[in-house]
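**Q** Here's the letter readout for the chains.
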Amino acid sequence: MRIFVPRDAAAKAVGAEAVAAAVRAEAAARGLPVELVRNGSRGMVWLEPLLEVETSEGRIAFGPVTAADVPALFDAGFGAHPKALGLTAEIPFLKKQTRFTFARVGLIDPLSLSEYQAQGGLAGLHKAIAMSPEAIVAEVADSGLRGRGGAGFPTGIKWKTVLGAEAAQKYVVCNADEGDSGTFADRMLMEGDPFTLIEGMAIAALAVGATRGYIYSRSEYPDANEVMGQAIAIARAAGVLGPDMLGSGRAFELELRVGAGAYVCGEETALLNSLEGKRGVVRAKPPIPALQGLFGQPTVVNNVLSLAAVPEILAQGAAAYVAHGVGRSRGTIPLQIAGNVRFGGLFETGFGITLGEIVNDIAGGTASGRPVKAVQVGGPLGAYHPVSDFGLPFSYEDFAGSGGLVGHAGLVVHDDSVDMLQMARFALEFCAIESCGKCTPCRIGAVRGVEVVDRIAAGDAAAIPLLTDLCQTMKLGSLCALGGFTPYPVLSALTHFPDDFATLQEAAE
Amino acid sequence: MLAPQAAQHSRIAEIIAEHSALEGPMLPILHAVQAEYGHVPAEALPMIADALNISRAEAQGVMSFYHDFRDHPLGRHVLKICRAEACQARGAGALAEAAKARLGVDWHGTTPGGALTLEPVFCLGLCACAPAVMLDGQVIGRVDAARLDQIATEAGA
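Chains A and B, in that order, give the protein sequences.
Residue 180 in the numbering used here sits at position 180 of the first sequence; the count goes up by one each step and never skips.
So the number in the numbering used here is just where the residue sits in the second sequence, counting from 1, plus 1000.
Chain A with its partners taken away, still in its complex shape (with noise of 0.2 Å):
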């Protein structure tokens, strides 16, 4: 018998590691035969630690479950039980999924490399060692695949611009510091299923014909880390990774390297300026990466997520990525639903689903049972958006014209009791934090912006037009997207929540 129980973090942080622990002891009491998988998490972290168990007919779920649970499941030989929820697969949240990049996430054991490749895995890396580079940079290209930073930049342009540069060595950096506010999927593919980054970082060095590449992750991703860390060292046993990749005569070595805590690194230049282990500062562009990058070569700098849908556009084909999505926003997007909802977690679907189907179909509303207030989509420099924005299509050029971002694709949700002028002053409070301290606008703003807020909150009206103007310098005259993104929660905030700004003074009037 098959029990599966995740070892993702969501799942760890409620208790899976207790579930899967008496999992084991009651199999051992009975003296089943057992084979406990540590699976990654299907991504319904509300019934997370979320217990499966391999069935004729197909997978069974349980949760959430309790360790004291676990007994009673086993004495009704995980037939009826209050908390079975039937076949996994007819969950609605995870059946009205298009599941591309996460389709393997929580099926497979992480670590097992045979796993991975009787589910398809290493399928798109042998494709690409038989084409040209060319060829490679063409079919990412035609699949519209887009970067998941602010700017949504093609990925295909990119690794045709390092392609072209002349050098002796060339990098390929995953930029695995998603440190934004209610965004999970790079942690949630790391731990459920790391042989797809390893592959599409591979297929992006034989792309551009780079030998060495690394992962950049966060500290605050201890399990992530863990497992991708095992993961590169079993690949490199197999011979997916190291001098002869796959046999291919292509070398290829990739290391993991783990930041300390600075939100800017998440920008690509900040992070190259950690990775050769200086000051995590931004530095100016141009001269851009793709030319100067690390230790001043040619780079590709990628999301995780841009990576990680590199092997299945090469399996399947780029038609086959195209086919999902509107209009410029091709493809699946992994969406991160977070906040206070009834059923968060991630839920991989098309471009194009509107706002209000994602907060109040998929996820149910808020938790608190109280009126949605505010969305806030793209991390924590992603606008607020008010419920009247709730048609609006997933998608860039969508978010982009209502004076938003689609960022990491994370949403969090806040219900009535949220104050808009305080989330607007964390904004810029979060800011000060982290700001690298390179350019004045982002450095000394930030701070000036919580000294104004402060005023408006204190009753000064005429504050309100000044926090406007700051906003527009930063937005202007920041250098990368920390202090040139700020504004868009805070500006939101303002414009379509002026009665939390409403000052004493007009309140009295």
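Mixed in with the good hints there might be a few duds.
Simulated restraints on C-beta separations [as the list claims (entries may be wrong)]:
#1 B:Ala1035 to A:Asp244: 26 to 36 Å
#2 A:Ala167 to B:Ala1115: 46 to 56 Å
#3 B:Ala1017 to A:Asp244: 26 to 36 Å
#4 A:Met131 to B:Ala1042: 36 to 46 Å
#5 A:Glu166 to B:Ser1020: 24 to 34 Å
#6 A:Ser132 to B:Gln1005: 53 to 63 Å
#7 A:Ser402 to B:His1072: 39 to 49 Å
#8 B:Ala1057 to A:Ala502: 40 to 50 Å
#9 A:Ala502 to B:Glu1018: 55 to 65 Å
Part of the chain B face toward chain A, derived, beta carbon under 7 Å [as the list claims (entries may be wrong)]:
#10 Met1026
#11 Tyr1037
#12 Gly1061
#13 Val1062
#14 Trp1107
#15 Gly1125
#16 Gly1137
Sample of chain A residues with no beta-carbon within 12 Å of chain B, all distances over it, derived [unchecked claim]:
#17 Glu26
#18 Leu36
#19 Thr55
#20 Asp69
#21 Leu87
#22 Ala130
#23 Ile157
#24 Pro243
#25 Leu294
#26 Leu392
#27 Ala400
#28 Val447
#29 Ile464
#30 Leu466
#31 Gln472
#32 Leu476
Quick caveat, the hints were computed from the structure, so don't treat them as lab data.
Remember, it's a predicted structure, so these values are computed and weren't measured experimentally.
By construction, the Cβ of each residue, glycine as well, lies at the ideal position given by its N, Cα and C atoms.
Given the coordinates of chain A, assemble chain B onto it according to the supplied hints.
**A** Frame of chain A, contents of chain B only:
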């Protein structure tokens, strides 16, 4: 037997040597030294600076840039409470206030007797089971004041 100071010097030299083949070894060295001592001892920085052929000021500049590195020991346990928006939407603000009151310290403070240090953190990637905390590298989700009290008590604070 080496004097404690000399032993520490030779151990730091060893750590530096273990990482010297890496490209950009600065952060891995700082992480390794901190993992060994719980902080980066004052004598480590000049040794790292010498080994990497950078000035002491530069080494100090790198170390002080990152929130994770510290030049002094923390409490026996470190409790990090997430302050980011997703956790705030589920009551992280009140949780942090309850923690400060329960422990009698502010952010970065250590309880008398050195049992526990309270640190803020911006996102543990546990946004869908918020509010979240991390105790010595162990993640805990859906934390309320009662659970927090239990965590603090178990940590001896």
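**Q** Could you run down the list of hints and mark each one as holding or not?
**A** Hints and how they fare:
A hinted range of 26 to 36 Å holds for the C-beta pair Ala1035 (chain B) and Asp244 (chain A), which are about 33 Å apart. Roughly 53 Å separates the CB atoms of Ala167 (chain A) and Ala1115 (chain B), a value that falls within the hinted 46 to 56 Å. One distance hint, 26 to 36 Å for the beta-carbon pair Ala1017 (chain B) and Asp244 (chain A), holds here, with the actual separation near 29 Å. A hinted range of 36 to 46 Å for the beta carbons of Met131 (chain A) and Ala1042 (chain B) is inconsistent with their spacing of about 54 Å.
As the Cβ distance of Glu166 (chain A) to Ser1020 (chain B) is approximately 30 Å, the hint placing it in 24 to 34 Å holds. In this structure, Ser132 (chain A) and Gln1005 (chain B) meet the distance hint of 53 to 63 Å, their C-beta atoms being roughly 60 Å apart. Taking 39 to 49 Å as the suggested C-beta distance range, the pair Ser402 (chain A) and His1072 (chain B) conforms, at roughly 47 Å. The hinted range of 40 to 50 Å is satisfied by Ala1057 (chain B) and Ala502 (chain A), whose Cβ atoms lie roughly 49 Å apart.
Checked against the hint of 55 to 65 Å, the pair Ala502 (chain A) and Glu1018 (chain B) passes, with Cβ atoms roughly 60 Å apart. Look at Met1026 (chain B): its Cβ gets to within about 3 Å of chain A, closer than 7 Å, so that hint holds up. A hinted interface residue such as Tyr1037 (chain B) counts as satisfied when its beta carbon comes closer than 7 Å to some beta carbon of chain A; here the least separation is about 16 Å, so the hint is violated. Taking 7 Å as the C-beta cut-off, the interface hint given for Gly1061 (chain B) holds, the closest approach to chain A being about 6 Å.
The criterion of a C-beta within 7 Å of any C-beta in chain A is met by Val1062 (chain B), whose closest approach is roughly 5 Å, and the hint holds. Among the interface hints, the one on Trp1107 (chain B) is violated; its C-beta lies about 11 Å from the nearest C-beta in chain A, farther than the 7 Å criterion. The criterion of a C-beta within 7 Å of any C-beta in chain A is met by Gly1125 (chain B), whose closest approach is roughly 4 Å, and the hint holds. Contact between Gly1137 (chain B) and chain A, as hinted, is supported at the beta carbon level, the nearest pair being about 5 Å apart and thus within 7 Å.
The claim that Glu26 (chain A) is not at the interface with chain B holds, since no C-beta of that chain comes within 12 Å of its own (minimum 24 Å). No Cβ of chain B comes within 12 Å of the Cβ of Leu36 (chain A); the nearest lies about 20 Å off, and the non-interface call holds. The Cβ of Thr55 (chain A) sits about 27 Å from the closest Cβ of chain B, beyond the 12 Å cut-off, so the non-interface label holds. With a closest Cβ-Cβ approach of about 17 Å to chain B, Asp69 (chain A) is found to remain outside the 12 Å limit, as its non-interface label requires.
Interface exclusion of Leu87 (chain A) from chain B stands, the closest Cβ pair being 22 Å apart, more than 12 Å. Every beta carbon of chain B lies more than 12 Å from that of Ala130 (chain A), the smallest distance being close to 30 Å; the non-interface claim holds. Distance check on Ile157 (chain A): its Cβ is at least 27 Å (rounded) from any Cβ of chain B, clearing the 12 Å threshold; non-interface status holds. Even its closest Cβ contact with chain B, about 16 Å, leaves Pro243 (chain A) beyond 12 Å, as expected for a residue assigned away from the interface.
A beta-carbon of chain B is positioned within 12 Å of the beta-carbon of Leu294 (chain A); the least distance is around 8 Å. With a minimum CB-CB distance of about 19 Å to chain B, Leu392 (chain A) clears the 12 Å threshold, and the non-interface call stands. Every CB of chain B lies more than 12 Å from the CB of Ala400 (chain A), the least distance being 21 Å, so the non-interface label holds. Interface exclusion of Val447 (chain A) from chain B stands, the closest Cβ pair being 17 Å apart, more than 12 Å.
With a least CB separation of 23 Å from chain B, Ile464 (chain A) remains clear of the 12 Å interface cut-off, as annotated. The beta carbon of Leu466 (chain A) sits about 24 Å from the closest Cβ of chain B, which is more than 12 Å, so the claim that it is off the interface holds. For Gln472 (chain A), the non-interface assignment is confirmed: its Cβ lies about 23 Å from the closest Cβ of chain B, beyond the 12 Å cut-off. With a minimum CB-CB distance of about 25 Å to chain B, Leu476 (chain A) clears the 12 Å threshold, and the non-interface call stands.
The structure fails to meet hints 4, 11, 14 and 25 from the earlier list, while all remaining hints are met.
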